[in-house]
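J.: Read top to bottom, the protein sequences are chains A, B and C. The opening position of the first sequence corresponds to residue 603 in the numbering used here, with each subsequent residue numbered one higher. The opening position of the second sequence corresponds to residue 154 in the numbering used here, with each subsequent residue numbered one higher. The opening position of the third sequence corresponds to residue 9 in the numbering used here, with each subsequent residue numbered one higher.
Keep in mind that the hints were calculated from the coordinates and are not lab data. Please note that a few of the clues may not be correct.
[Stated by the list, open to error] The calculated DSSO-like cross-link candidates involving lysine-lysine, where the alpha carbons are at most 30 Å apart (straight line), are:
no.	chain 1	residue 1	chain 2	residue 2
1	B	K327	A	K649
2	B	K293	C	K14
3	A	K657	C	K238
4	B	K283	C	K238
5	B	K257	C	K14
6	B	K181	C	K219
7	C	K295	B	K327
8	C	K166	B	K181
9	C	K239	B	K181
10	C	K14	B	K181
11	C	K32	B	K181
12	B	K293	C	K166
13	C	K219	A	K649
14	C	K219	B	K283
15	B	K266	C	K32
16	C	K166	B	K283
17	B	K243	C	K239
18	B	K266	C	K219
19	B	K257	C	K295
20	C	K32	B	K257
21	B	K327	C	K209
22	B	K181	C	K238
23	C	K295	B	K243
24	B	K293	C	K209
25	C	K166	B	K327
26	C	K166	A	K621
27	A	K649	C	K295
28	C	K32	B	K283
29	B	K155	C	K32
30	C	K238	A	K649
31	B	K283	C	K239
[Claimed, not checked] Here chain C is said to cover these stretches of chain B; the calculated rule only asks that three of the stretch's residues, wherever they fall, bring their Cβ under 8 Å from a Cβ of chain C:
no.	region
32	181 to 192
33	265 to 271
34	275 to 289
35	313 to 326
Every value quoted in this text rests on a predicted model; they were computed, and no experiment measured them. Backbone N, C-alpha and C define an ideal beta-carbon position, used for all residues, glycine too.
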Amino acid sequence: MITVTVKLFNLLAIYAGIKTQSFDLAEGITIKQLLERMVHEYPAPFKDMIYHHEKINPHLRIFLNEHLLNESELDAALSDGDKLMLFPAIAGG
Amino acid sequence: MKRLVIYPELCSGCSACEVFCSLHHEGKVNPELSRIHVIKDEAHAAFLPVVCVSCKNKACLAACPEQGAIYINHLGMTVIEETLCTGCSKCAQACEIHAIRFFKQSGRGKWGKAFCFKCDLCAGDPICVKACPQGALAVKDIADDGEAAQNLYEQLRQECTRIIEWLDERSLVKNRRAV
Amino acid sequence: MTFVYKGYGGSYLRVNLTTRQINKFPLANEWVENFLGGNGIGTKILWDEVPEIASPLGPDNKLIIATGPLCGSPMPNSGRVEFIAKSPLTGIYGDANAGGQFGPELKSAGYDVIIFEGQSDEPVYLDIHDDDVALRSAEELWGLGTFEAEARLQAIHKDSRLKTALIGPAGENLVRFAGIQVSYRRSAARCGLGAVMGSKKLKGVAVRGTKGIAFSCPQELEELSLEMHKKLRQNEFFAGIHQFGTSGLVALMQPIGRFPTQNFRLGHFEGFEAISGEVLREEHLVKDIACFNCPLGCDKMYSVISGEFAGCRISSVEYETLNALGARVCNRNLPALLKANEICDDLGLDTISAGNTIAFAMELADFGIWNANELNGLDLSWGNYHSILQLLHDMAYRQGFLGDLLADGAARAAKWLGRNADRYAMHVKGQDIPAQDGRAQQSMGLAHVTSSRGADHLKAFPTIDETGYPSEAVRRYGDQYLPELVDPLATKYKAMLVKDGEDFGAVVDSSGNCKSGGTFVMAEIYWQEQADAIAAATGMLMTSRNLRCIGERIYNLQRCYNAIHGITSADDVLPWRFTQAPSPSGNARGSVCRLDLMLPDYYAARGWNPEDGLPTQATLQRLGLDQAWKYMQQIINSGKAKIIRSQLGWAEPYTKKMVEQE
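Generate the whole structure from the sequences, applying the supplied hints.
T.: Have a look at this one:
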């Protein structure tokens with residue numbers, strides 16, 4: 603088992619009703635699989651922020667240990683102690 | 154019948170309703186000439202969009218001394234025939250929610266005289282509702298048994314009185330008919 | 009000459025504060041044809057009327073208030089008003105822009121522009137009620153904070169709909185980063201234009217307009233605008249920005265290492281959650297409010313209910329402020345931060361410059377550069393929020409040694425002090441650097457140095473490469489520049505992005521709509537949409553090509569204005585921290601800002617001389633600015649520009665390599 607911490611921001615936190623959550627996961631679980639699990643755990647509007655036409659929403663911003671991930675990196679397996687940060691579309695000053 | 158319903162707690166005070174109403178009816182942007190009017194007390198972050206809700210009493214109708222200057226149209230909405238209005242402003246004074254407005258600059262208005270004006274519900278598809286970004290305005294079908302409509306009116310009247318009292322306390326009101 | 013276009017108020021006021029003369033003129037057709045409005049017309053007037061030798065705080069400087077053709081229009085976010093003058097902070101071109109309701113009200117009274125000139129010998133305010141315009145005594149308003157002064161003016165005129173633009177004590181006391189506060193509680197903060205008003209003894213402007221604004225094709229404009237409102241509401245970015253405003257950016261900036269902390273030593277702030285937009289909304293929100301005709305409503309009213317700062321009530325708490333008075337000075341106490349924001353708005357200080365100046369003072373304290381008697385018992389250790397609040401007050405009133413010295417801004421204080429203090433003044437051309445870091449987002453570093461008003465993010469406002477939004481980039485520029493264009497750490501194509509942003513931004517600031525609305529982050533309104541709206545509003549023949557030319561013309565004239573004050577490529581530099589000290593943070597770890605790679609691209613894209621970074625004759629001729637070229641040459645060749653440059657008063661940004669003394 604590994605433990606991964608997920609921090610949700612902005613609308614994601616509002617829709618999920620939680621800002622930080624730890625997940626105990628089987629080894630080998632990928633980021634995409636964790637997202638899938640979160641979608642099932644949180645109320646419905648959360649799903650629309652994560653997926654867009656069945657694919658990962660291109661406006662979703664995912665940081666793994668403060669490193670910005672691109673889509674191809676979402677199939678990587680998570681490690682114990684990893685920290686994820688998730689943001690919906692925001693930008694500005 | 155179709156009525157405008159107002160949710161003041163959602164209003165952000167942006168005035169988009171006034172902008173689009175005046176543009177739509179007068180061809181220019183001028184909140185002074187808007188049929189919907191947002192009473193603002195910014196210090197309390199209180200915003201109240203005020204517009205005719207077709208109340209039961211229709212005090213405006215009774216107050217008008219001119220034949221045909223105010224009538225009820227096919228939508229059940231009281232409408233002012235601006236060309237027949239003499240600008241005596243008795244209707245505006247009769248309406249306790251300030252939903253009838255008075256253009257008093259004699260000789261400078263579009264009719265070359267003072268006149269009163271109010272919401273005509275844009276033939277059932279009001280532009281203010283389309284413009285409101287906050288969902289603070291909606292059109293609802295509310296049966297004309299008078300009861301529900303009168304409740305809407307009463308709520309607005311109370312809210313209106315409260316805000317104007319706040320403003321009055323700080324001497325921010327010159328003319329109660331032109332808040 | 010009669011003014012032929014619709015969509016404008018149609019006239020301008022020239023107010024001479026020395027003679028008390030007020031004159032009304034029709035707006036000049038060639039002003040709007042060549043410079044559109046707002047920022048553009050202001051730049052043109054500044055160029056024509058405020059000579060290079062004019063002192064920013066003297067009678068020869070002029071303050072120009074200007075709106076544009078879309079201000080007060082049905083197009084979304086149309087409440088912006090522009091203030092232009094020579095800046096007391098930088099000594100060069102200066103402007104500041106605000107939302108709220110003042111701009112539309114001024115236009116509704118029939119005026120697009122007010123030019124204030126001369127200096128009054130006693131406090132006055134300008135009272136405008138449609139055609140009635142008068143200077144009135146502001147004796148009883150002088151010394152009041154902006155909140156009280158606004159309420160007092162509304163009570164004097166018995167009108168809650170009166171809109172004001174006011175200075176607080178900071179402007180009166182000629183604090184060089186004093187802002188102008190606009191109804192309701194919005195700030196035209198940057199460049200110290202509040203001090204220009206203070207020097208003229210002009211407390212403010214109170215305006216009531218009931219005439220309205222007529223348009224060339226009202227029906228077409230109505231349809232176009234309604235469509236735009238709808239598009240904005242459906243935009244991917246709308247909901248998040250609507251909920252949190254710019255404060256939502258605090259958290260996002262941490263992992264990309266772009267959240268200036270401890271005077272830019274770091275790019276992330278341990279414990280940032282305490283000052284994040286999420287906590288701000290959860291614990292302090294009173295109500296979502298909005299500027300004129302804005303569907304976005306990034307403005308919010310906040311309050312502090314309990315504790316030491318109970319009773320604090322403050323609106324529009326921006327990302328910039330949360331950084332400048334938060335992370336940059338290591339302050340984690342959100343109620344204290346809100347109080348600091350309230351003090352700035354009420355006394356009339358730019359929160360960015362105020363925070364940056366305090367960060368400078370704290371770093372000097374960290375390195376033991378202050379003498380004990382200078383500190384006078386004030387504890388300037390990082391994060392001491394009582395000291396922050398004290399300093400804000402002292403700067404606004406120029407009280408005590410520190411307050412008086414720091415009221416001139418970090419860059420001037422550094423020059424006066426010596427003692428290697430220049431190493432810790434984070435500025436470009438005298439202007440305090442806002443809450444971005446060119447190491448973490450290369451385009452922002454370039455934007456800071458090429459901005460015509462000194463370090464600024466809002467001139468170019470590059471946002472598509474913050475965390476990289478390819479879809480937004482493709483909408484504007486096609487896919488030919490991907491992937492570099494949206495990579496925050498790449499330098500390729502960033503000159504193009506910055507130049508385009510500056511030109512389009514100049515047009516937006518000249519039109520009177522908002523850069524936080526549909527024009528930048530939510531990329532719904534671009535050259536074509538803006539041109540269509542201006543055409544429908546004014547009846548001008550306006551194409552996107554025309555508009556691009558106007559944007560370039562405005563930005564080039566601002567550069568020319570700076571050039572006659574001796575500004576050249578030598579001033580297009582960032583302090584050492586950005587170019588010499590690798591970022592220690594997040595996604596940006598190890599990165600420095602590569603101005604050396606981007607600036608040559610930028611000068612080339614602009615048609616500026618790669619050596620001195622100034623517009624060439626060919627470029628200015630193409631833009632119809634031949635006369636400007638001649639004048640610029642004359643001032644530079646006579647040696648006058650160099651002399652003026654030597655007297656601007658701020659310390660040069662320190663650019664040499666330095667080892668962090670941590």
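J.: Give a verdict on every hint.
T.: Tested hints:
For the given pair, K327(B) sits about 53 Å from K649(A) by alpha-carbon distance, which is inconsistent with the 30 Å threshold. For the given pair, K293(B) sits about 37 Å from K14(C) by alpha-carbon distance, which is inconsistent with the 30 Å threshold. A C-alpha spacing of about 25 Å is found between K657(A) and K238(C), which places the hinted pair at or below 30 Å, so the restraint holds. Distance restraint check for K283(B) and K238(C): the Cα-Cα separation of roughly 9 Å lies within the 30 Å cut-off, and the hinted pair is therefore satisfied.
Pair hint K257(B) plus K14(C) holds up; C-alpha atoms about 25 Å apart against a cutoff of 30 Å. For the hint linking K181(B) to K219(C), the alpha-carbon distance of about 9 Å falls within 30 Å, and the restraint holds. The suggested pairing of K295(C) with K327(B) holds, with an alpha-carbon distance near 27 Å, which does not exceed 30 Å. Restraint check for K166(C) and K181(B): satisfied, since their Cα atoms lie roughly 26 Å apart, inside the 30 Å limit.
Between K239(C) and K181(B) the CA atoms are separated by roughly 23 Å; this keeps the pair inside 30 Å, and the hint holds. At most 30 Å may separate the alpha-carbon atoms for a hinted pair to count; K14(C) and K181(B) meet this at roughly 10 Å. Between K32(C) and K181(B) the alpha-carbon distance is near 23 Å, which keeps this suggested pair within the 30 Å criterion. Using a Cα cut-off of 30 Å, the hinted pair K293(B) and K166(C) is violated, with the two alpha carbons roughly 37 Å apart.
At most 30 Å may separate the alpha-carbon atoms for a hinted pair to count; K219(C) and K649(A) exceed this at roughly 49 Å. For the suggested pair K219(C) and K283(B), the alpha carbons sit about 25 Å apart, so the restraint of at most 30 Å is met. For the given pair, K266(B) sits about 28 Å from K32(C) by alpha-carbon distance, which is consistent with the 30 Å threshold. Taken as a hint, the K166(C) and K283(B) pair is broken in the structure, with Cα atoms around 33 Å apart against an allowance of 30 Å.
Straight-line distance between C-alpha atoms of K243(B) and K239(C) comes to about 42 Å, which puts the hinted pair past the 30 Å bound. The suggested pairing of K266(B) with K219(C) holds, with an alpha-carbon distance near 15 Å, which does not exceed 30 Å. The suggested pairing of K257(B) with K295(C) is violated, with an alpha-carbon distance near 35 Å, which exceeds 30 Å. Proposed proximity of K32(C) and K257(B) is supported: the alpha carbons are some 26 Å apart, at most 30 Å.
Between K327(B) and K209(C), the direct Cα distance comes to roughly 29 Å. Compliance with the 30 Å bound is thereby established for this hinted pair. Taking the CA atoms of K181(B) and K238(C), the gap is near 21 Å; set against the 30 Å cutoff, the hint holds. A distance of roughly 36 Å separates the Cα atoms of K295(C) and K243(B); the hinted pair therefore is violated under the 30 Å criterion. Proximity of K293(B) to K209(C) is assessed by CA-CA distance (about 54 Å); at most 30 Å being required, the pair is judged violated.
Distance check on the hinted pair: K166(C) and K327(B) sit about 5 Å apart at the alpha-carbon level, within 30 Å; holds. The hinted pair formed by K166(C) and K621(A) fails the criterion: a straight-line CA distance of about 47 Å is larger than 30 Å. Distance restraint check for K649(A) and K295(C): the Cα-Cα separation of roughly 28 Å lies within the 30 Å cut-off, and the hinted pair is therefore satisfied. For the hint linking K32(C) to K283(B), the alpha-carbon distance of about 38 Å lies beyond 30 Å, and the restraint is violated.
For a cut-off of 30 Å, the pair hint linking K155(B) to K32(C) is broken: about 48 Å separates their Cα positions. Distance restraint check for K238(C) and K649(A): the Cα-Cα separation of roughly 23 Å lies within the 30 Å cut-off, and the hinted pair is therefore satisfied. Proximity of K283(B) to K239(C) is assessed by CA-CA distance (about 13 Å); at most 30 Å being required, the pair is judged to hold. For the region 181 to 192 of chain B, the stated coverage by chain C holds: 6 residues have a C-beta nearer than 8 Å to a C-beta of that chain, and at least 3 were required.
By the rule of at least three residues with a Cβ nearer than 8 Å to a Cβ of chain C, the coverage given for the region 265 to 271 of chain B is violated, with 0 such residues. With 5 residues bearing a CB less than 8 Å from a CB of chain C, the region 275 to 289 of chain B meets the requirement of three and the coverage assertion stands. For the region 313 to 326 of chain B, the proposed coverage by chain C is satisfied: 5 residues have a C-beta within less than 8 Å of a C-beta in that chain, meeting the threshold of three.
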